[in-house]
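**Q** When you get a sec, could you build the whole thing from the sequences and use the hints?
Residue numbers (the working numbering), protein chains in the order written: chain A, 1 to 357; chain B, 1 to 357; chain C, 1 to 357; chain D, 1 to 357.
These are computed hints drawn from the structure, not numbers from a lab.
Any given hint could be a false lead.
[Claimed, not checked] Lysine-lysine pairs mimicking DSBU-like chemistry, simulated, CA-CA at most 30 Å apart:
1) Lys71/D x Lys20/C
2) Lys71/B x Lys20/A
3) Lys228/B x Lys107/B
4) Lys228/B x Lys161/C
[Stated by the list, open to error] Listed next, with one range per pair, are the computed distances between beta-carbon atoms:
5) Ser288/A x Asp185/D: 45 to 53 Å
6) Asn61/C x Gly245/D: 57 to 65 Å
7) Gln243/C x Asp321/B: 52 to 60 Å
8) Arg164/C x Ser288/A: 39 to 47 Å
9) Asp70/C x Glu66/D: 25 to 33 Å
10) Asp321/B x Pro83/A: 36 to 44 Å
11) Asp321/B x Ser31/A: 32 to 40 Å
[Unchecked claim] Partial chain D-side listing against chain B, Cβ under 7 Å, derived:
12) Asn155
13) Tyr258
14) Met286
15) Gly290
16) Arg292
Please read all numbers here as calculations on a predicted model, not as lab measurements.
Heads up, the beta-carbon is just placed ideally off N, CA and C, and yes, glycines get one too.
Chain residues, written in single-letter form:
There are 4 protein chains.
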Amino acid sequence: LFPVNGRRKKIFPLVYEKKKKVGIGLVGAGSIGRVHARNLAYYIPRARLVGIADTYVDAANKLAAELEVDKVSQDYNELLENPEVDALLLAVPPFLKPEMISNAARKGKHIFVEKPLALSLKEADQIIAAADKGGIKVQVGYQRRFDNSLREAENAIKAGKLGRILFVSSRTRDPPAKPLGWSTDPKLSGGIMLDTCSHDFDVIRWLSGKEVERVYADGVTLVYEELKQGGIPDNVLVTLNLQGGALAHVDSCGYTVYGYDSSAEVLGTEGAVFVGIGERNSALVMNSDGYRGQFPQSYPERFGQAYHDELEDFVDCILHDRQVRVTAADGRAAVEIGLAATESMKRHEPINLPFRG
Amino acid sequence: LFPVNGRRKKIFPLVYEKKKKVGIGLVGAGSIGRVHARNLAYYIPRARLVGIADTYVDAANKLAAELEVDKVSQDYNELLENPEVDALLLAVPPFLKPEMISNAARKGKHIFVEKPLALSLKEADQIIAAADKGGIKVQVGYQRRFDNSLREAENAIKAGKLGRILFVSSRTRDPPAKPLGWSTDPKLSGGIMLDTCSHDFDVIRWLSGKEVERVYADGVTLVYEELKQGGIPDNVLVTLNLQGGALAHVDSCGYTVYGYDSSAEVLGTEGAVFVGIGERNSALVMNSDGYRGQFPQSYPERFGQAYHDELEDFVDCILHDRQVRVTAADGRAAVEIGLAATESMKRHEPINLPFRG
Amino acid sequence: LFPVNGRRKKIFPLVYEKKKKVGIGLVGAGSIGRVHARNLAYYIPRARLVGIADTYVDAANKLAAELEVDKVSQDYNELLENPEVDALLLAVPPFLKPEMISNAARKGKHIFVEKPLALSLKEADQIIAAADKGGIKVQVGYQRRFDNSLREAENAIKAGKLGRILFVSSRTRDPPAKPLGWSTDPKLSGGIMLDTCSHDFDVIRWLSGKEVERVYADGVTLVYEELKQGGIPDNVLVTLNLQGGALAHVDSCGYTVYGYDSSAEVLGTEGAVFVGIGERNSALVMNSDGYRGQFPQSYPERFGQAYHDELEDFVDCILHDRQVRVTAADGRAAVEIGLAATESMKRHEPINLPFRG
Amino acid sequence: LFPVNGRRKKIFPLVYEKKKKVGIGLVGAGSIGRVHARNLAYYIPRARLVGIADTYVDAANKLAAELEVDKVSQDYNELLENPEVDALLLAVPPFLKPEMISNAARKGKHIFVEKPLALSLKEADQIIAAADKGGIKVQVGYQRRFDNSLREAENAIKAGKLGRILFVSSRTRDPPAKPLGWSTDPKLSGGIMLDTCSHDFDVIRWLSGKEVERVYADGVTLVYEELKQGGIPDNVLVTLNLQGGALAHVDSCGYTVYGYDSSAEVLGTEGAVFVGIGERNSALVMNSDGYRGQFPQSYPERFGQAYHDELEDFVDCILHDRQVRVTAADGRAAVEIGLAATESMKRHEPINLPFRG
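**A** Okay, here's the thing in structure tokens:
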């Protein structure tokens, strides 16, 4: 029922029963929170955005006004108390998540949580235990699993077109940031390995169907003066050893002048698949300097379809009591690899998994 | 507020006033009617799909059930009587349009009408006169004007990047049809020149900013046995002379095995722009036979974003009393070229415009 | 034995017998003459460039010095008298060709002649008769038949991958010319339909395997002031009806700012093939304006491999007494279509073939 | 004077003086030796292939017959004694190179030597010392430095279009090999890091203009049973730290079903450049499965132009007493990185450079 947007076919057709809607409370009215809120308010028919909470209440109010949402609060607990809320969508810094998810689990509210799941394995385990106890669904916001192009890759792999997997790579390149946000502060975000590369770790686990056994990472600070002092890298490169022997590779750059560039490839004994180079549109302008096309300039531009579909599928999982596609265990695995990669950067040596941060 | 779908940025940002919605009645629950209905019901926040009319009432009922629309009728006049209906969306065969639009105009209901506007210039003129008298807006459904890639082309042209225009081409290739629908019957649809190529004629007028002065067309029936008997072409080729001297070209094939292929190019003294080859997604599968990508397989897949945006813009035009982007006069111009092209095919000679069918 | 140049595999592997070389005399030391001369002197092992003739003897001398060729003459008859000369390569204006070929035929010298074969059907027939009588081989320089990419298209068609052919197009876009050369003078070159578009006519006949039955052409002068006075078009568009019913299309522009652009496509009931957009190389430069690639800037850049291979194959045809791949009859057919297209532009009506200029 | 082959412009125009030719003796008539021999014999006008030596004299004889070369020998010393030989082209296993180059240096014969330069740093230093003493030129066969697409990348970098370099990657993927050749035996070839990846190490040093300071490598054997026993990897992944801080990445796979795939990219603060995906030609075949293009299937197909140009430039360096573009010092640097990478694979830890094998 989703409009076939911009040349792409809907991969998950959904059938809605009449009238039943899932009530959702948004916690966090920052940039990714607003992306999710607009999808919920306008483009996911079976969801209803019941309320918005943010400690910075002005942001919540502004978003609520735009989307005609009545309930606004500084305290997410008000959403937990609201019987119309079936699930919370957590678009908050990671350090807040363990407590929020524990409280939600006690109230039986489902959780859609932005990545990363947590900043430590201890917290991740705590979340998983609380969710299990509360019997709630927890979906982690690795939206690439819902990207139609990556789904085609998954389909080719599952259909056996690639044979046995030999090599996987995934990369994330962010455009220049000005100013730098809180996500570059490792204490708040977990650093580039948890905040950014955990997307790539998740793609590698997902497409290969294999767990990571060893990781070697290197990071350097080449652009942002603010980061140099804190020893925070803006360019990283990671080597992963997968179960069964295949190698995998991640690279990430935080200052990509040509736009937002996310690509992935899987090489197997029978075939390979490459996803990228994501073009902004198909208009090529040609003159005496050559031809010119354009990359997407931001992650919502590249992954807008995926951001929509992950939420729509989460809503469908609640309505039909299905297993979510990106579980808390998946979220934990990405955190574990990210922590191991961070440690490897410090020690300048490979780190074996399982790793206990 | 539209979700950034599939890597593409919204070109028309809309600001909605609180609460005000435009009530729309759909006439025609066929394939394109359903595309529009779903956009209205789910993805255009300021529109409300008030009712659905179709002489084949089962189709209307089925669609209404899916979209939770209360009013269903066999007679579109019931929609005209409904005070909640601000506008009609006509997804009906062309011969029905003159009367429907005249009646709507008398009731002050705005009109969004699928292409072509009419089957004759007389009918087109009648529609224009009625709309003028009724003071209503009429938008014709040439959705390509809202396609983000073609809009980039328009922007490049308007920004002067192409200089003076030398050559324009537009083509439409439809996948094999089985069975053939009513649109291949010239009496109902106006034939391939009005039904299909009028999209291309509109793109050429739009991007070049020039009117057509002469047209030469040729058509052959190479595939469909059903069409051979009626002398109805399934492959056509058109040469157009534009005001100021530039040449333009249209070709269309009704049996394109690799999918739905619509492309356009404009060549100027300073630069050129090419829109196409629309890929279905960015996943390339590679094996020992080479690499393989995919074309879109249908027009809604290629133009889903445009189908959404044309309706959203129509709604916005009503809310803000703006001029629509594809007027009845544009619809008439495309009909005129289409009729001249049809005549040229018959006579095997070029036809000058203005042409009075 | 040809070096595998720039990613492309040699399609015609040749086996040379020891020592035997074909002696060739070049007539015409202009731009295309020099391309052929360098191929003969350096890159076609079984050919020997014996001598060069040009009425403008300075050009011949300069080229001969560069290539270390001993025999230079103002009169091509000296080459005809030379027993070391097995074949003449005629890179001269068309009006000179009938006499030259007749004389060569009398001496039993084979002919490689640049396109077009002649300026009239009478001359073309005279050439064919003379060649038949003299028992010599005549190959016309439609080098696209030797382009590896177009050969792949031919292979796909011959292997039946396209099914029955529905539509063919071929286009040639030349970069801006300054100053205009003799080839824009219709009296010397035959005009754009013989000089440029005859390449496209030949590609259409070759790939479709069908003769042309009717042609409609239109031409306009939009850029070059020098041409406006003479009514000589710099932009043309041609519709062709092929035997068996398929339509074909040619367009050509003489002022293409982004470079030299030659492409072709064939659409069939089972598949389609597209050849173009020829990139200059595979380096993409990306910055905040998008990514940028480059078109070839000239016909030798685009077709260098083909120019080499057509001559090498001609030499091989002589050595092994094989039929050439582009015969005088092919050359005549392209002239006939070109003349009909020129007439159609004048009369503004379609012209049926056979056409007697 | 090189024919403009297949869409690409000659980047090094050469002017030859009359008559002077460089005499070259080929040592090694294996696969790469034959590529060079044919270029020398047919396509490099100022070179003359004087003789061919191979201990397996049948191969030398066969090649000599094909190319009409008179001198054939089992002992390369005969070429050294021949006064017509100005330079040796060594297409032999690396272990033979130190002695051969030392002997050639004593005789004042220049050297074109296939990569890698040597199997140890000791041997590399010995070669450099001998060449210095003999005053001879030594060029190492890293042909990618002559690839037109990579040259475009170099030009963009040197023109400052990329700003400061942040990240470099280079990769080499070979098609499946059957049977495996001597190059997979580390004792003969130095192993994948010297035999294959040294190409990538050279590209990284060349394009970045930076030396390598640290290397971490991992390798696995996933496909070839023959290699598993010897612990010889068929898939490797390398992280490099460059002077000044930038990271670099190499990956290589010895079993790439879709063909031969070599690509490189450089990411800088102002722009980026990507070289790849090398297509075999521009013909796209489209049917109901999608569109299909083709990769090159072998390294000579991808790098044919570069193999020609590196030899032509070597000949030109001798004729004009210019510095070669890939020196013995470059060859040594690639060996050093390769040895460090091999050691890193063994030890599972990063290795700092300078490294003394």
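**Q** Take the hints in turn and mark each one as holding or not.
**A** Consistency of the hints with the structure:
1. Restraint check for lysine 71/D and lysine 20/C: satisfied, since their Cα atoms lie roughly 20 Å apart, inside the 30 Å limit.
2. Between lysine 71/B and lysine 20/A the alpha-carbon distance is near 20 Å, which keeps this suggested pair within the 30 Å criterion.
3. The suggested pairing of lysine 228/B with lysine 107/B is violated, with an alpha-carbon distance near 44 Å, which exceeds 30 Å.
4. Between the alpha carbons of lysine 228/B and lysine 161/C the distance comes to roughly 25 Å, so the proposed pair stays at or under 30 Å and holds.
5. In this structure, serine 288/A and aspartate 185/D meet the distance hint of 45 to 53 Å, their C-beta atoms being roughly 52 Å apart.
6. Asparagine 61/C and glycine 245/D have their C-beta atoms about 59 Å apart, which keeps the hinted 57 to 65 Å range intact.
7. As the Cβ distance of glutamine 243/C to aspartate 321/B is approximately 58 Å, the hint placing it in 52 to 60 Å holds.
8. In this structure the hint that arginine 164/C and serine 288/A lie 39 to 47 Å apart at CB holds, the actual value being about 41 Å.
9. Roughly 28 Å separates the CB atoms of aspartate 70/C and glutamate 66/D, a value that falls within the hinted 25 to 33 Å.
10. Evaluation of the 36 to 44 Å hint for aspartate 321/B and proline 83/A yields a pass: the beta carbon distance comes to about 42 Å.
11. Between aspartate 321/B and serine 31/A the Cβ separation comes to about 34 Å, which falls inside the hinted range of 32 to 40 Å.
12. Proximity of asparagine 155/D to chain B is violated relative to the hint, the smallest CB-CB distance being about 23 Å (cut-off 7 Å).
13. Evaluation of the tyrosine 258/D hint against chain B yields a held restraint, the C-beta minimum of about 4 Å falling below 7 Å.
14. Below 7 Å, beta-carbon pairs count as interface contacts, and methionine 286/D has one with chain B at about 4 Å; its hint therefore holds.
15. At its closest, the beta carbon of glycine 290/D sits 4 Å from a beta carbon of chain B; the interface hint therefore holds under the 7 Å criterion.
16. Interface hint status for arginine 292/D: upheld, as the beta-carbon distance to the closest one in chain B is roughly 5 Å, under 7 Å.
When the structure is compared with the earlier hints, violations turn up for hints 3, 12 and for no others.
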